[in-house]
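Chemist: Here's the letter readout for the chains.
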Amino acid sequence: MELVAGIVVAVAALALVLEPLVRGGVDQGVAASPDEGIDFADIQESESPKIQALLALKEIEFDRATGKLSDEDYGALKKRYADAALAAIKAEEAAGAEVGDAVDDPAEAAIRKARANSGMSCPTCGPRPATDSTFCSNCGKQLVAPGGTDSCASCGERIPPGGKFCASCGTSVGALVER
Amino acid sequence: MTILGQLALWLALLLAAWGSVVGILGGIQQRAELIQSARRTSYALFGVLSVATIALVVALLRHDFNVQYVWAYTSRNLPTPYALSALYGGQAGSLLFWAFILTVFAAAAQWLTPRRYDHLMPYVAAVTSGVTLFFVAVVLFASNPFERMAFTPPDGNGLNPQLQNPGMVIHPPMLYLGYISITIPFAFAVAALITKRLDTGWLHAIRRWTIVSWIFLTTGIVLGMWWAYVELGWGGYWAWDPVENASFLPWLTMTAFLHSVMIQEKRGMLKKWNMILIVLSFMLSIFGTFITRSGIISSVHSFAQSSVGYFFLVFLITSGIALTWLLVTRLPDLEAESQLESMVSREASFLFNNLLLVGMAFSVLWGTMFPIISELVRGTQVTVGPPFFNQVNIPIGLGLLALTGIGPLIAWRKASTRNLKRQFTGPVVTMLIVAAVLIAVGVRDFYALMAFALSGFVVGTIGQEFIRGVGARNRLHGENYAVAFARLMARNRRRYGGYIVHLGIVVFFVAFAGNAFKKEMEASLEPGESVTLRSAFGYEYTFTHIGVSQYEQLNRFVSAASLDVTRGDEPMGIMTSEKRQYWNSFKEAQFQPSTEAAIESGLREDVYVVYAGSVEGTEEAVYSITLNPLVWWLWFGGFVMVIGGAITVWPGGGGPTRASLRRAMAGYHAQMVSGEKEEAAIAG
Amino acid sequence: MQDSVIVTRRAAVGAAFAALLPISIRAGQGQDTTQSAAPERLPYPGMVGAAKERITDYENDPFIIGIEERLRCTCGCNLDVYTCRTTDFTCGTSPEMHRQVVRLIESGSTEQEVIDAFVAQHGELVLMAPKKEGFNIVGYVLPGIAITAVGALMLWVLSRKNSVTAAEAQAAGSASIADTEMSADDAARLEAELADLE
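Chains as they are written, first to last, in the working numbering: chain A, 1 to 179; chain B, 180 to 863; chain C, 864 to 1061.
These are computed hints drawn from the structure, not numbers from a lab. Treat each hint with caution, since some may be false.
As the list claims (entries may be wrong) - Coverage of chain A stretches by chain B, computed from C-beta distances (three or more under 8 Å per stretch; other residues unrestricted):
{"hint": "1", "stretch": "15–23"}
{"hint": "2", "stretch": "65–74"}
To be verified - Result set (DSS-like, lysine-lysine): computed pairs, CA atoms no more than 27 Å apart in a straight line:
{"hint": "3", "chain 1": "C", "residue 1": "K915", "chain 2": "B", "residue 2": "K445"}
{"hint": "4", "chain 1": "A", "residue 1": "K78", "chain 2": "A", "residue 2": "K90"}
{"hint": "5", "chain 1": "B", "residue 1": "K445", "chain 2": "A", "residue 2": "K78"}
{"hint": "6", "chain 1": "C", "residue 1": "K995", "chain 2": "A", "residue 2": "K78"}
Said to hold, decoys possible - To list a few chain C residues with every Cβ distance to chain B over 10 Å, as calculated:
{"hint": "7", "residue": "L905"}
{"hint": "8", "residue": "T949"}
{"hint": "9", "residue": "I968"}
{"hint": "10", "residue": "E974"}
{"hint": "11", "residue": "I978"}
{"hint": "12", "residue": "D979"}
{"hint": "13", "residue": "S1046"}
{"hint": "14", "residue": "D1048"}
Don't be surprised by glycine CBs; every beta carbon is placed ideally from N, CA and C.
Whole structure, please, built from the sequences with the hints as guidance.
Modeler: Structure follows, in structure tokens:
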């Protein structure tokens, strides 16, 4: 009786382990779902250099707010990590242009649009980070309401800074320049 | 059931050998069918060893005394929970249990690890199978719980009375869970070394495992202290016994790792060091088992001497050599990505925290091994007892406590003097106030004073961190204080969960320091006689002997001595300490009579009474009475540490939404995809 | 010893009983025999382990306890004599060693002489912590020295690196100040990306 149970266990275990050899292994390709890769519970686990640099920026901001960083140190560190973040953003965009637009969810496009539109723009310097200023902190000109610059030549939709194609109709920004 | 158990063990041996070979082979040759087979071995091992474990449990519950192990550790009248705990009460069973738990973790690791770490998994399967192979081999060839005897005794030997305690039912499994779960991070570390994928990826894969095993280790150690306190009857909880030290060593190195890993994640530094800490933690957990099993160092916990020690020694040496080779050949891949920016930074304070933690591990190891070293060098054996360990380790411990308070006050990357002043004022003032109050009250013990004052400092730091953090969120994001506090905790679980662990550590230190003020005495009392003892808090306790009653209970004969206790004029009730003579189902005495202490636990102090024995067989009783200040806080501190640890690993809630995460990650994925295309193009 | 007072038997019955057990004291007054008679024998004296001796002042004497805490019980329990005799009541060795300490003290030995006598009899193994002499000193100081040495080395390396990086930073700093501010486009883009992580 026990021996039978033992043989059943043995057969089951060996079948489980040897089956791939008999059947020939199936290559488990990486699924291309957009959520694949966001399987971490903590954003700090992301391996994206952009996110790491952005997190460092947030931390520097927080450390200054809690009084741990002096203003000079804050300035220097902020510059370094902002540069790193920008470099990473540009690298990602360059790759993104090759693969095609990764953002396919219309709801997200709307969010991004709204977010990009929320800031005021300077006629010469483009969108400004400060949302409540009247004058551009870079050149001093009066800021205008969003939508004034960098619009799509075809449909008039605002194009996020650095965007190469209109997120709404797909017209190339290059086309805008040529006209 | 022993045939089934034996069969399962042999099957496990076969499978484990298969898994370790095929995992490495499949990984190196990138053969999908071998990789899949190796990964499935982890599940198969779990199944097979479950069968073996269940077989032993059934034998224990059926009182099959023909099985030597069942005879040696149980008796017919042993209560069922203890019959179950006999599974790990003896050497052979505990080794089987160890192997079983290892396969649980190994299967969980294969099951739960996200797909993006697939490249590491065949090696992880190989390493866990390899370690399982070792344990199964030890069980089969050196210490087999399924061995039968030539005859069947009518009743068993019974379980050691000291193990017949609820603490003993849960303390060893917890400690084992802690020890064994280190194998998983270790397996990932080895996988990363073999594949040379030594970026922070593998660290993310093991983050939860390291914290979980740290939580188990902490729980196991604290429960062990609790068991020693309630069961061993000396009114203490830590005696620097070799086995206690053995559990403390991996805890220290794991704690060091949990800190230094943050530097690698944030700054890409200390890669070699982190690798060494993980490997060291694993080796120390095996070393701890070796110490317990080999009998090379005498200890109250020692199992009977057996050949098991040699197996462990061989395993330690061979794996030590293999790991050193692996590490040395990978050193060029472990170069730091950035440099320390300032000597006054969080990174630097972590370096010193690591120095002290690892230094303490070294000093504990050194003290534990010193009897052997002394015998080798001088030919004379010496005893290295608590006085030695206290002398060496209390200063290091206080240094660590100080760093617990200093570290969080310094910013990552850089800190300037003016900011430091702003940061340190609050905590230092708290420390001075605590010290002044204690000196005014009349506390003179230097170490205790230091411990209390530094605890004040750390509490000041943690309080300030929470207050300023809430303030900063309030200013930066305009949240009200309640929302700000909730978000602060939810968004930075690691940091603030870590602070809660630090609070637990502080409570621990306070409880330790309380030990300096314990009061103890012995007294022989006739019924009606009383004795008084004044505690460190100034209470006068009066103990009046009521008498001794004797009766049968469960699997034992009890002699219960009762004291009527008053504190000042206030009655505290009756405390009863027992002498227990365990017997088997034929009422034949087993073991020497054991003692059950009576403990009246309070926030200020514990009253701890032990019935030491009777004077010439009369009702006149000899009592040993201890007033233990602040012991309750030890258990509470352990609880706080575990809660804090759980907060740092708790999944879900807070943080960016999935949609915005997807947006943020889109570019990175695109980059990865195009990178893969390029790789494919190059390969093609 | 100042903290503990062993009350005499008579006083105990008088005070404690009167306060706590008024019924028994009435019974006691009626018979008045319990005090002089030896305490009753237990029904099963064999079940409480080895017979103990009455506690005298020696057992609670901090001086003697201090000595005993430095001596290791030779029964193999790994405990010091004091802890063993107050914990492991099955051990016959530690009470014997305790009596030996008491005898030596009564005969006028000093603490060191008692310790020396035990070392002469059992060897160095009888000390709970090794004597601070010869090779044992290495045992005591090595961890401390190792930590201090590594710590000092770390400080030295850090401070050297620090001055190097500081010089580099200064060189780089003058260059980076010359760098223009981040362009407005870039600033806005960073803001948007940061908002995604909130």
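Chemist: Does each hint hold? Answer for all of them.
Modeler: Hints, verified against the model:
no.	hint	in the structure
1	15–23	holds (count 7)
2	65–74	holds (count 8)
3	C:K915 / B:K445	violated, 64 Å
4	A:K78 / A:K90	holds, 18 Å
5	B:K445 / A:K78	holds, 15 Å
6	C:K995 / A:K78	violated, 55 Å
7	L905	violated, 6 Å
8	T949	violated, 5 Å
9	I968	holds, 17 Å
10	E974	holds, 15 Å
11	I978	holds, 13 Å
12	D979	holds, 16 Å
13	S1046	holds, 19 Å
14	D1048	holds, 16 Å
In terms of the numbered hints stated before, the structure departs from hints 3, 6, 7 and 8, listed from lowest to highest.
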